[in-house]
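Peer 1: Given the coordinates of chain A, work out where chain B should sit on it, guided by the hints.
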Amino acid sequence: MLRDLTIGQYYPVESVIHRLDPRTKFLGTIIFIVALFLFKTFWGFLLAGGFIVSIIALAKLPPKYVLKGMRPIIFLLLFMMIFNLLLTPGEVIGEWWIFSVTKEGIYSALFMGLRLIMLVLGSSIMTYTTTPNNLTSGMESVFGFLKVFKVPVHELAMMVSIALRFIPILMEETNKIMKAQQARGADFETGGPIKRAKALIPILVPLFVSAFRRAGELAEAMEARCYHGGDGRTKMKPLKYHKRDLVAYLVLVGIVVGEIFIP
Amino acid sequence: MVNFDKVTFEYIRRDEEGNVESINKALDEIDLDVKKGDFIAILGANGSGKSTLARHINALLTPTEGTVYIEGLDSKDEDNHLKIRQKTGMVFQNPDNQIIASLVEEDVGFGPENIGVPTKEIWERVAFALDKVGMTAYREKSPNNLSGGQKQRVAIAGILAMKPECIVLDEPTAMLDPKGRREVIETITELNKNEDITIILITHYMTEVIGADKIFVMNKGNIKLSGTPREIFKEVDLLKEYQLDVPQVTEIAHRLRQKGMNLPECVLTVDELVEALATGDRG
Chain A
30 MLRDLTIGQY YPVESVIHRL DPRTKFLGTI IFIVALFLFK TFWGFLLAGG FIVSIIALAK
90 LPPKYVLKGM RPIIFLLLFM MIFNLLLTPG EVIGEWWIFS VTKEGIYSAL FMGLRLIMLV
150 LGSSIMTYTT TPNNLTSGME SVFGFLKVFK VPVHELAMMV SIALRFIPIL MEETNKIMKA
210 QQARGADFET GGPIKRAKAL IPILVPLFVS AFRRAGELAE AMEARCYHGG DGRTKMKPLK
270 YHKRDLVAYL VLVGIVVGEI FIP
Chain B
618 MVNFDKVTFE YIRRDEEGNV ESINKALDEI DLDVKKGDFI AILGANGSGK STLARHINAL
678 LTPTEGTVYI EGLDSKDEDN HLKIRQKTGM VFQNPDNQII ASLVEEDVGF GPENIGVPTK
738 EIWERVAFAL DKVGMTAYRE KSPNNLSGGQ KQRVAIAGIL AMKPECIVLD EPTAMLDPKG
798 RREVIETITE LNKNEDITII LITHYMTEVI GADKIFVMNK GNIKLSGTPR EIFKEVDLLK
858 EYQLDVPQVT EIAHRLRQKG MNLPECVLTV DELVEALATG DRG
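Protein sequences appear in the order of chains A and B. Just so you know, we're using this note's numbering here: the first sequence kicks off at 30 and counts up by one. Just so you know, we're using this note's numbering here: the second sequence kicks off at 618 and counts up by one.
No lab work stands behind these hints: they were computed from the structure. Computed from a prediction, not measured in an experiment: that's the story for all the values here. Glycine residues also receive a C-beta, built at the ideal position from the N, C-alpha and C atoms. Check each hint, because a few of them may be wrong.
[Stated by the list, open to error] Sample of chain B residues lacking proximity to chain A, with all beta carbon distances greater than 12 angstroms (derived):
| # | residue |
| --- | --- |
| 1 | D648 |
| 2 | E723 |
| 3 | G751 |
| 4 | D794 |
| 5 | P795 |
| 6 | K851 |
[Said to hold, decoys possible] Computed cross-link-like contacts, BS3-like style, restricted to lysine-lysine with a CA-CA straight-line distance of at most 25 angstroms:
| # | chain 1 | residue 1 | chain 2 | residue 2 |
| --- | --- | --- | --- | --- |
| 7 | B | K857 | B | K876 |
| 8 | B | K780 | A | K264 |
| 9 | B | K780 | B | K810 |
| 10 | B | K841 | B | K851 |
| 11 | B | K700 | B | K652 |
| 12 | A | K264 | B | K737 |
| 13 | B | K758 | A | K89 |
| 14 | A | K264 | B | K749 |
| 15 | A | K205 | A | K227 |
| 16 | B | K737 | A | K272 |
| 17 | B | K780 | A | K266 |
| 18 | B | K831 | B | K810 |
| 19 | B | K737 | B | K700 |
| 20 | B | K796 | A | K205 |
| 21 | A | K264 | B | K758 |
| 22 | A | K269 | B | K758 |
| 23 | A | K132 | A | K69 |
| 24 | B | K700 | B | K623 |
| 25 | B | K758 | B | K796 |
| 26 | B | K837 | B | K851 |
| 27 | B | K831 | B | K652 |
| 28 | B | K837 | B | K642 |
| 29 | B | K758 | A | K205 |
| 30 | B | K737 | B | K749 |
| 31 | A | K179 | A | K208 |
| 32 | B | K749 | B | K700 |
| 33 | B | K652 | B | K749 |
| 34 | B | K653 | B | K876 |
| 35 | B | K693 | B | K749 |
| 36 | B | K831 | B | K857 |
| 37 | B | K749 | A | K266 |
| 38 | A | K269 | B | K737 |
| 39 | B | K758 | A | K266 |
| 40 | A | K266 | B | K796 |
Isolated chain A, as found in the complex (with noise of 0.2 angstroms):
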């Protein structure tokens, strides 16, 4: 159930794409998406496809790890598809009780389905390609600006990072809580979804009370370490541009002029 969730989950191989800088690959995930919704035909479609595959294989992802990622989705995207292709007023194709079928319908259909897989796809390339530390002080760079306006940038990215160091923790911990409980007699897996709903209950309040102690001995340790807030702090891994984050900028925009000028 709970073992099975994988957001994005880090692949760690040598490749152009993952020594990127992950400033490039956040703000080129950001352009991405943004060209994505800028082409209508299916040139552009095909524009937009074939970088995202030449991406993937550039990655070195093996197509069925970046395919398994997809697995989420598919809920959303059948329910987007459908309402699309059944409620898109239009010449009428066929007919079926109330619904009716239109061609702009199954074209609306298609191309937001297909817009949705890209999306998915090149945002969840990003978690593929970047360690979350190097995820987390790309977004503290790229969002740097807000500290003008008091947002506690560091603090954020610091919390995001540390979140991310723990999921793993709290995930074998819930699974001990489950056996646990399993031993003493309990049932997750029988009874109706509010039944297994309150099942959860034996196992989130445990788990609770630990992430807070785990919450109070962490901040007691990382005070210890001399931590107090991003002021005079220094890197060990400072974001630096290199020559490939500049041609992948300029295969972005690339990307971008080619999808508003493909008919």
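Peer 2: The following block gives chain B in isolation, referenced to the frame of chain A:
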């Protein structure tokens, strides 16, 4: 380098209106003097105040009464806290809850980052610290895949990278298996000998403190006994009263002596006992 002058610390429990419900004296007029380069052990049962004492050395807690000086710096002055924490690092009991980063080397670099060490020097310090605890091979691994003893060694490296003069370890081996326990004790013993780092080890495992220069035994917020391991472990009965156990060999030798065998007053290792039994006259 660590000086306690009549230090008292009270945990005060208040009810919802803020009235004092109960006062628990965790430390009661403690005097303590630790010299640079010493290997100190603090023994005590649960609730004896030893963890509270440890947190005073690192300025995580400050005394209710009395003064703590770390290299002459008064821990009551908040401006001194960062300096004190850099001089006296602290290793905690639970290895998981003190590792911050998702990579071993990044975790070791966390302390130096906090005190504003330049990037190039952080890398040197991380390499040095990982080498000292023998964890260089794991520098790019995730801490989640390490054993308990390895995690504690990473935690020690994290402190070492801040170039401390003293390391306080608060029951660092309580959650480890025997192998991990041995790794940690060996590591800190080497640091004490080779790097001249003052070690303050808080524990209730007697066998870990045989190599210490000086032992303090705590009970109910007081230091009841202090002296070399040999002087302390003589007091088998007194230690039992404080809910502490002497090492197994010492206990055997003690009982044999009570039965009238002619053995030295305090035996600390198996070899010593064998020697004494082989050469000593049987009374």
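Peer 1: Does each hint fit the structure? Answer for all of them.
Peer 2: So, going through the hints one by one against the coordinates:
1. D648: holds (24 angstroms)
2. E723: Contrary to the label, B:E723 does not stay out of reach of chain A, its closest Cβ about 6 angstroms off (not over 12 angstroms).
3. G751: holds (21 angstroms)
4. D794: holds (17 angstroms)
5. P795: Answer for B:P795: holds, closest chain A Cβ roughly 22 angstroms.
6. K851: holds (35 angstroms)
7. B:K857 <-> B:K876: At roughly 19 angstroms apart (the allowed maximum being 25 angstroms), B:K876 and B:K857 satisfy the hint.
8. B:K780 <-> A:K264: It holds: about 17 angstroms lies between the C-alpha atoms, which stays within 25 angstroms.
9. B:K780 <-> B:K810: The hint holds at about 16 angstroms.
10. B:K841 <-> B:K851: With a Cα-Cα distance of about 14 angstroms, the restraint between B:K841 and B:K851 holds, given a limit of 25 angstroms.
11. B:K700 <-> B:K652: holds (18 angstroms)
12. A:K264 <-> B:K737: holds (10 angstroms)
13. B:K758 <-> A:K89: holds (21 angstroms)
14. A:K264 <-> B:K749: With a Cα-Cα distance of about 22 angstroms, the restraint between A:K264 and B:K749 holds, given a limit of 25 angstroms.
15. A:K205 <-> A:K227: Holds, at roughly 19 angstroms.
16. B:K737 <-> A:K272: holds (22 angstroms)
17. B:K780 <-> A:K266: holds (20 angstroms)
18. B:K831 <-> B:K810: Between B:K831 and B:K810 the Cα gap is close to 15 angstroms, so the pair holds against 25 angstroms.
19. B:K737 <-> B:K700: holds (22 angstroms)
20. B:K796 <-> A:K205: holds (24 angstroms)
21. A:K264 <-> B:K758: holds (19 angstroms)
22. A:K269 <-> B:K758: holds (23 angstroms)
23. A:K132 <-> A:K69: This hinted pair holds, its Cα atoms lying about 15 angstroms apart.
24. B:K700 <-> B:K623: holds (23 angstroms)
25. B:K758 <-> B:K796: Given that 25 angstroms is the threshold and the Cα spacing comes to 21 angstroms, the pair holds.
26. B:K837 <-> B:K851: holds (21 angstroms)
27. B:K831 <-> B:K652: Holds, at about 11 angstroms.
28. B:K837 <-> B:K642: The hint holds at about 8 angstroms.
29. B:K758 <-> A:K205: holds (24 angstroms)
30. B:K737 <-> B:K749: holds (19 angstroms)
31. A:K179 <-> A:K208: The given pair, whose Cα atoms are some 45 angstroms apart, is violated under the 25 angstroms limit.
32. B:K749 <-> B:K700: holds (23 angstroms)
33. B:K652 <-> B:K749: holds (23 angstroms)
34. B:K653 <-> B:K876: Roughly 42 angstroms between the alpha carbons, so the hint for B:K653 and B:K876 is violated.
35. B:K693 <-> B:K749: Status violated; Cα separation ~33 angstroms.
36. B:K831 <-> B:K857: With a Cα-Cα distance of about 19 angstroms, the restraint between B:K831 and B:K857 holds, given a limit of 25 angstroms.
37. B:K749 <-> A:K266: Judged against 25 angstroms, a Cα distance of about 22 angstroms means the pair holds.
38. A:K269 <-> B:K737: Holds. A:K269 to B:K737 sits at ~14 angstroms (cutoff 25 angstroms).
39. B:K758 <-> A:K266: holds (16 angstroms)
40. A:K266 <-> B:K796: violated (34 angstroms)
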